[in-house]
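If you want the building blocks of each chain, they are given just below.
Number of protein chains: 2
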Amino acid sequence: MKVISGGITKPQGFRAHGMWSGIKRSQKKDLSLVVSEVPATTASVYTQNSVVAAPITVCRRHGRNGRARAIIVNSGNANCFTGKQGYADAVRMAETCATALGIKATDVLVASTGIIGKPLPIDKITAALPELTAALSPAGGKAFAQGILTTDLVIKERTVRLTVGGKPVIIGGCAKGSGMIAPNMATMLGFITTDAAITGKMLKQALKEANEDSFNCISVDGCMSTNDMVTVLANGMAGNPVIDKPGKDYDAFRDALKDVCLDLAKKIVLDGEGATKFVTIHVKGTKTAKQAREIGLMVANSMLVKTAIYGSNPNWGRVAAAVGALGIKGIAEDSLNISFSSFKKKDVSITTTLQLGRAEATVYTSDLTHEYIRINTEYN
Amino acid sequence: MKVISGGITKPQGFRAHGMWSGIKRSQKKDLSLVVSEVPATTASVYTQNSVVAAPITVCRRHGRNGRARAIIVNSGNANCFTGKQGYADAVRMAETCATALGIKATDVLVASTGIIGKPLPIDKITAALPELTAALSPAGGKAFAQGILTTDLVIKERTVRLTVGGKPVIIGGCAKGSGMIAPNMATMLGFITTDAAITGKMLKQALKEANEDSFNCISVDGCMSTNDMVTVLANGMAGNPVIDKPGKDYDAFRDALKDVCLDLAKKIVLDGEGATKFVTIHVKGTKTAKQAREIGLMVANSMLVKTAIYGSNPNWGRVAAAVGALGIKGIAEDSLNISFSSFKKKDVSITTTLQLGRAEATVYTSDLTHEYIRINTEYN
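Taken in sequence, the protein lines are chains H and S. No gaps in the numbering here: position 212 of the first sequence is 389 in the working numbering, and each next residue is one more. No gaps in the numbering here: position 95 of the second sequence is 272 in the working numbering, and each next residue is one more.
Everything labelled a hint here was simulated from the structure, so no lab data went into it. Hints should not be assumed to be uniformly reliable.
Identical copies look the same in the list; a pair holds intra-copy or inter-copy alike.
Cut-off 20 Å, straight-line C-alpha distance, at most; resulting in silico cross-link-like pairs (DMTMM-like, lysine to aspartate or glutamate) [what the hints assert, rightly or not]: (1) Lys464 <-> Asp436; (2) Lys261 <-> Asp390; (3) Lys435 <-> Asp421; (4) Lys381 <-> Glu510; (5) Lys435 <-> Glu389; (6) Lys295 <-> Glu510; (7) Lys261 <-> Asp511; (8) Lys521 <-> Asp390; (9) Lys319 <-> Glu537; (10) Lys295 <-> Asp511; (11) Lys425 <-> Asp511; (12) Lys261 <-> Glu510; (13) Lys295 <-> Glu214.
Turn these sequences into a full structure, and let the hints steer you where they fit.
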């Protein structure tokens, strides 16, 4: 596996574009579209929040058959808490896009991010579709990545090449992280394309495994959005023998997908609101990886740990209290080892070793700073 | 039931004192003692953290028989992460105190709060005991309440009088809240005395019920300390018919105890680090009160909600996202009602109504402010 450049249009058969449709007052790009030349296998993971935005509901329905050809994304408006009209708008966004592309509406996935509780300016989106579809290009990955951002400071892309059954396969991804537009909440979106040939079942499994060790291992502020989603389109144009069962080919693909997801997840943390530090939390010696991840996220989400890191103070007491806060039996002062890397650098690492078992996990977070408070308190 | 003044020495048969023993460099009071003239029934609730400080371990052992006569508390040092020496020091603190009072060591409970990871200056404590015990007085409740503080800005006391079986009964309490001394974590301590006659079993039950609706319903920063404890001593000197079963007398006592606990809990939130707002979160229409409390604490601990409140912004989207974050089935946009009181005042109230059932709960929190970040980042 090799890291290359190119983003979501690097795999064969994908074209994309991103443009300003009039949603953002800043006149920055706010509408993105990626399309596969041929029908693609698709898999997605969505927010676990009970309260979900309209586009998530539409995606769950359109993605049910495991096939899709296009993803349309707007930024600047989350289409969340918008009631029946919001749902109708999300459906119309998919339908109008499908008509413009000459494909079925159920082959179009929809995502939104931005301000919540305000009607989606659907007319601006439909009016922009002719220009958006006309401009689709194999060089449009970067424009797509720009069009999905809210207050992110930088675009986030990752592309890798690997070999499956003797054929070169490419996976390209982009993401947006925790941006805040009053009165909005952080939303995490990830879009991944690949020319690998893989069955829906195995793609779903690969995304599940990759997501567990990447997007599910990061936390900026512990708050779960109503719009989070990560979606993969796999169009098979690489011509590799179809990955249809566990084995060497599946493992290679899954590992490459995990690399893309983890890199994008880390970039989201790095660009976290007000973040001045990138914190890696290793938890070792647990019964299961899930347990290690849960403990790691307790540490990552502890305001006391986050402020200590901001203050460059290696406060192991706060880490120990966070480790113990889940009330897991078998954790005690004398069976707990905590070590730190230098706190003076931008990259900080905390290793917690328990004596419960042999599993481990790594989670990533940022510090809690005055800038986070400022961003989330002040409204313009 | 009537609210009166007086604190923990207001009930019959309790004497207390608080003094500076040399632990705090500020020369503020750092050692407190309360003693009952006669053996008392006792009940306690402790932190659920897996990692606990030495005094908690000692209290669990000494409190096991449901009887105690004295509580000795030091502030300025938490005696936590202090290993075997820390445990030996906590035992010696109880033993020396018992000797000075002429009672059994197992009748003495011990609490500590302050800096962690540093050896308890046990010699300063034992050296101060003659002066401390000599100065015990029925007017010493306030000095006791002062001696348990760390960076709390004010003492926290609550006293109520009620009638049980025709006899006047008094319950007095004091508490300390979220104070921070580098590199320490917040600790919540509550000490309650009463002259009620009540069996250990019923006292335990009353404290459990009172605690659930008070100390368990507050959160300043969602971080659980290693030293938290709430303890009641009931010495029976009021001469009321012993409360030994559920019924009218038990209910009256439990309600009065709940009033004391809730008032102290609210005072802890009001004095929370950097707090500028007092936030009451009502959650209605849940299956159980526990579920309502869990949802309320998700809202209370959401950094996005807390910063919105600091910014005086009634951001219902952030509240809705926090309500949904537990992933409870049956919560959705159209079955969720959120209302706010005016956000411009110091007292803010948020009411969330669900359609899951008929239970409800109320939780209390403060906002997340620049001052919180400053207190927890800077070390002096």
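Hint numbers contradicted by this structure = Of the numbered hints, 1, 2, 4, 8, 9, 11, 13 do not hold.
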